[in-house]
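Protein chains: 2
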Amino acid sequence: MTKIITLDHGSGGQASDDLIKNLFLKYLTHPELKQLNDSAVLEQVSGKLAFSTDSYVVDPIFFPGGDIGELAVNGTINDLSMMGARPLYLSLGLIIEEGLDLDDLEKIIYSIGRASEITGVPIVTGDTKVVPKGKGDKIFINTSGIGVIDSGIDIGPHRIKEGDKIILSGTMADHGVTILTKRAEIDFSGSLTSDTTALHNITSLLLDHFPGDIHAMRDPTRGGVANVLNELAENTELNMEIKESNIPIRAEVKAACELLGLDPLYLANEGKCLIFVSATVADETLKLLRNLPEGKMAAIIGHTDTQHPGKVILNTNAGGRRLVNRLIGAPLPRIC
Amino acid sequence: MTKIITLDHGSGGQASDDLIKNLFLKYLTHPELKQLNDSAVLEQVSGKLAFSTDSYVVDPIFFPGGDIGELAVNGTINDLSMMGARPLYLSLGLIIEEGLDLDDLEKIIYSIGRASEITGVPIVTGDTKVVPKGKGDKIFINTSGIGVIDSGIDIGPHRIKEGDKIILSGTMADHGVTILTKRAEIDFSGSLTSDTTALHNITSLLLDHFPGDIHAMRDPTRGGVANVLNELAENTELNMEIKESNIPIRAEVKAACELLGLDPLYLANEGKCLIFVSATVADETLKLLRNLPEGKMAAIIGHTDTQHPGKVILNTNAGGRRLVNRLIGAPLPRIC
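If you're matching them up, the sequences are chains A and B in order. First residue of the first sequence: 1, per my numbering; consecutive thereafter. First residue of the second sequence: 1, per my numbering; consecutive thereafter.
One chain only, chain A, in its complex shape (with noise of 0.2 Å):
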């Protein structure tokens, strides 16, 4: 008979602790988490403090190319490295479903680790709730981070200028087309894979060379390049202009969009991020980049510019021009 999870794992008694102990610690090492106290108590951190938070909800939580487990630990990894931080530390919140296989309930945990050990940021705190049967959906997870801002970094949004230009470090709307496809049960013979990773490696690096050029960086999850696009133009009151011809994207994600009717600007990527960057270094930092693994294939996509203030214009393909619209809707729920 299968092992499954009851409402006894979450009601702070003896099953709990057993779950607990026997499964989270052994893939969870810290010694602040093994305390189980409260909170954890971590040493001062000298500088600015950066702390994120993102729930993860995707559907299905096993996926080509990752799991919810690895998304919940790089996806806020990555939310803390956007602002200029090194991410120090992560806490796990779970809420599990009654009826939960504990064998994938200990997959998910060992690829927590995995990902947390992978990247050198530590779960050191965590909580467990389980609710009947039906009133959740297997398992989310919140996950929050803190990190630390070295001094004379600023990033965000406030630092974009006119002539900026635009960098997206690697192919797009990968885990968009990848959930969805696995979802709708659509067999592109393995092809598409999702892309969660870290992108620590290339905020550290990129801002190791250029502190003062890096002025914002943004991970198009949810609504896509698209909608990150028009949320920085309307805060900054610039325009955006991008070349459909310099977007990287696979051959097998754009030939699926193309099938099923999808924009892929709009779909979610994952370990992908949008840098804006002087254009004075633009050249020098897409050199850096494409010598990490997760950055080789980066492109610029385009540049800042003052003409049309909050819009984002598309040069297309065939040699047109369209106003790419904020996302309404939902195009796809719980991608992430």
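Please keep in mind that the hints were generated in silico from the structure rather than gathered at the bench. Think of the CB as a built atom: it goes at the ideal place given N, C-alpha and C, for glycine as much as any other residue. Where hints are given, some of them may not hold.
Simulated DEER-style distance windows between Cβ atoms [stated by the list, open to error]:
hint	chain 1	residue 1	chain 2	residue 2	range
1	B	Leu323	A	Leu102	39 to 45 Å
2	B	Asn22	A	Glu185	34 to 40 Å
3	A	Ser46	B	Leu23	34 to 40 Å
4	B	Lys107	A	Asp154	35 to 41 Å
5	B	Gln307	A	Thr29	32 to 38 Å
6	B	Asn315	A	Asp150	55 to 61 Å
7	A	Lys133	B	Leu259	40 to 46 Å
Dumping the calculated BS3-like pairs for lysine-lysine here, alpha-carbon to alpha-carbon at most 30 Å [as the list claims (entries may be wrong)]:
hint	chain 1	residue 1	chain 2	residue 2
8	A	Lys254	A	Lys296
9	B	Lys254	A	Lys34
10	B	Lys182	B	Lys21
11	B	Lys161	A	Lys133
12	B	Lys311	A	Lys311
13	A	Lys21	A	Lys3
14	A	Lys21	B	Lys161
15	B	Lys26	A	Lys311
16	B	Lys182	B	Lys107
17	B	Lys182	A	Lys26
18	B	Lys133	A	Lys3
19	A	Lys21	B	Lys311
20	B	Lys182	A	Lys133
21	B	Lys182	B	Lys287
22	A	Lys161	A	Lys133
23	A	Lys34	B	Lys311
24	A	Lys161	B	Lys21
25	A	Lys161	B	Lys296
26	A	Lys133	B	Lys107
27	A	Lys311	B	Lys21
28	A	Lys107	A	Lys34
29	A	Lys107	B	Lys133
30	A	Lys133	B	Lys133
31	A	Lys311	A	Lys243
32	A	Lys182	B	Lys133
Following the hints, put chain B in place on chain A, whose structure we already have.
Leaving out everything else, chain B in the frame of chain A:
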């Protein structure tokens, strides 16, 4: 027609943006939150950091004496306070079920804003996900918190000593019995209310006066007083001797427990804590506590000893002695 949450509100597009700007930022007003960046950027703090996370899945979401929003703010503040930290910042992660009444959501966000204002601990970063109807239950809330531990403060189970007095900061089992009777629709003429409140004033007052003599603190939420004392008895290899007649409990709560055949030692509390303090200052500590509104029913309920390592022993009203075992399963799921 009542307005409700739709999947579009979780898309990251225009509908998400409207919800955040028109509802969330109406009640949650910290300037860093308003930036809507990937993470909040906060000033450097001096002292050790405390970091805590908790997901709240309480059912019902509104109950006599509180709601899930207030609970989520105060609960995480309490987890930080229990380690001797001053709570500084909170994150807010919402997982909303499609179909939630927007008026109910507004009540909850209002309640979060109010609890945050009363305690002076702002929400600085957030995230909202929407899951399809039937894949969640109205709303689940994760809050994570950062606090700072002043130099010289060291609180935790490792500091508990033989002969320490055990103080309970107020009446036992109010939250557990309120949720249980509300959920079962048993009417006790409105006399039962939850005790959700923040404990940071209690902890800061005590640590100001007796920094070296407050050894450990713990809020007995899930699993109640019985469970926390068992955990600490196991960790410290001391025994916990408590006296039934000294444990504060409201007459209505006691009556409800007797009627329903429940042991209040195992029922959840929210705005209460157990404090382990040097015997020499126990009476003064009690006097200080009783001057605070949230501590006016505080009492010394027992002490630690070495004769029965790892055990919790109740000296009953009838003059007997009995072992208080650890909770195995769920007396009541989704209590917090």
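Each hint tested on the structure:
Restraint check, leucine 323/B to leucine 102/A: a C-beta distance of roughly 31 Å breaks the suggested window 39 to 45 Å. A C-beta distance of roughly 38 Å is found between asparagine 22/B and glutamate 185/A, which places it inside the suggested range of 34 to 40 Å. For serine 46/A and leucine 23/B, the Cβ-Cβ distance of about 37 Å falls inside the hinted range of 34 to 40 Å, so the restraint holds. Against the hinted window of 35 to 41 Å, the Cβ-Cβ separation of lysine 107/B and aspartate 154/A comes to about 38 Å, which satisfies the hint.
The beta-carbon spacing between glutamine 307/B and threonine 29/A, approximately 35 Å, falls within the hinted interval of 32 to 38 Å. Remark: the range hint 55 to 61 Å for asparagine 315/B to aspartate 150/A is upheld by a beta-carbon distance near 57 Å. The given range of 40 to 46 Å is broken by lysine 133/A and leucine 259/B, whose C-beta atoms sit roughly 30 Å from each other. Distance hint between lysine 254/A and lysine 296/A is fulfilled; the C-alpha atoms sit about 19 Å from each other, no more than 30 Å.
Distance hint between lysine 254/B and lysine 34/A is unfulfilled; the C-alpha atoms sit about 36 Å from each other, more than 30 Å. The suggested pairing of lysine 182/B with lysine 21/B is violated, with an alpha-carbon distance near 34 Å, which exceeds 30 Å. Using a Cα cut-off of 30 Å, the hinted pair lysine 161/B and lysine 133/A is violated, with the two alpha carbons roughly 43 Å apart. A hinted pair counts as satisfied when its Cα atoms are at most 30 Å apart, and lysine 311/B with lysine 311/A does not qualify at roughly 68 Å.
This hinted pair checks out: lysine 21/A and lysine 3/A have alpha carbons roughly 17 Å apart, not beyond 30 Å. In summary, the hint linking lysine 21/A to lysine 161/B is supported, as the alpha carbons are separated by about 25 Å, within the 30 Å threshold. For the hint linking lysine 26/B to lysine 311/A, the alpha-carbon distance of about 27 Å falls within 30 Å, and the restraint holds. Of the pairs offered as hints, the one joining lysine 182/B and lysine 107/B holds, with about 19 Å between alpha carbons and a cut-off of 30 Å not exceeded.
Straight-line distance between C-alpha atoms of lysine 182/B and lysine 26/A comes to about 39 Å, which puts the hinted pair past the 30 Å bound. Of the supplied pair hints, the one linking lysine 133/B and lysine 3/A holds, its CA atoms being roughly 27 Å apart against a limit of 30 Å. Pair hint lysine 21/A plus lysine 311/B holds up; C-alpha atoms about 20 Å apart against a cutoff of 30 Å. Taking the CA atoms of lysine 182/B and lysine 133/A, the gap is near 21 Å; set against the 30 Å cutoff, the hint holds.
The suggested pairing of lysine 182/B with lysine 287/B is violated, with an alpha-carbon distance near 34 Å, which exceeds 30 Å. Restraint check: the Cα-Cα separation between lysine 161/A and lysine 133/A comes to about 51 Å, which exceeds 30 Å; the hinted pair is violated. Only pairs whose Cα atoms come within 30 Å are accepted, and lysine 34/A paired with lysine 311/B is accepted, the gap being roughly 22 Å. Proposed proximity of lysine 161/A and lysine 21/B is supported: the alpha carbons are some 25 Å apart, at most 30 Å.
Taking the CA atoms of lysine 161/A and lysine 296/B, the gap is near 58 Å; set against the 30 Å cutoff, the hint is violated. At most 30 Å may separate the alpha-carbon atoms for a hinted pair to count; lysine 133/A and lysine 107/B meet this at roughly 27 Å. For a cut-off of 30 Å, the pair hint linking lysine 311/A to lysine 21/B stands: about 20 Å separates their Cα positions. Among the hinted pairs, lysine 107/A with lysine 34/A is consistent with the structure: their alpha-carbon atoms are about 20 Å apart, no more than 30 Å.
With a C-alpha separation of about 27 Å, the suggested pairing of lysine 107/A with lysine 133/B holds against the 30 Å cut-off. Restraint check for lysine 133/A and lysine 133/B: the C-alpha separation of about 14 Å stays at or below 30 Å, so the hint holds. For the proposed pair lysine 311/A and lysine 243/A, the alpha carbon gap of about 14 Å is at most 30 Å, so the pair holds. Taking the CA atoms of lysine 182/A and lysine 133/B, the gap is about 21 Å. The hint holds against a cut of 30 Å.
This entry does not satisfy hints 1, 7, 9, 10, 11, 12, 17, 21, 22 and 25, going by the numbered hints stated previously.
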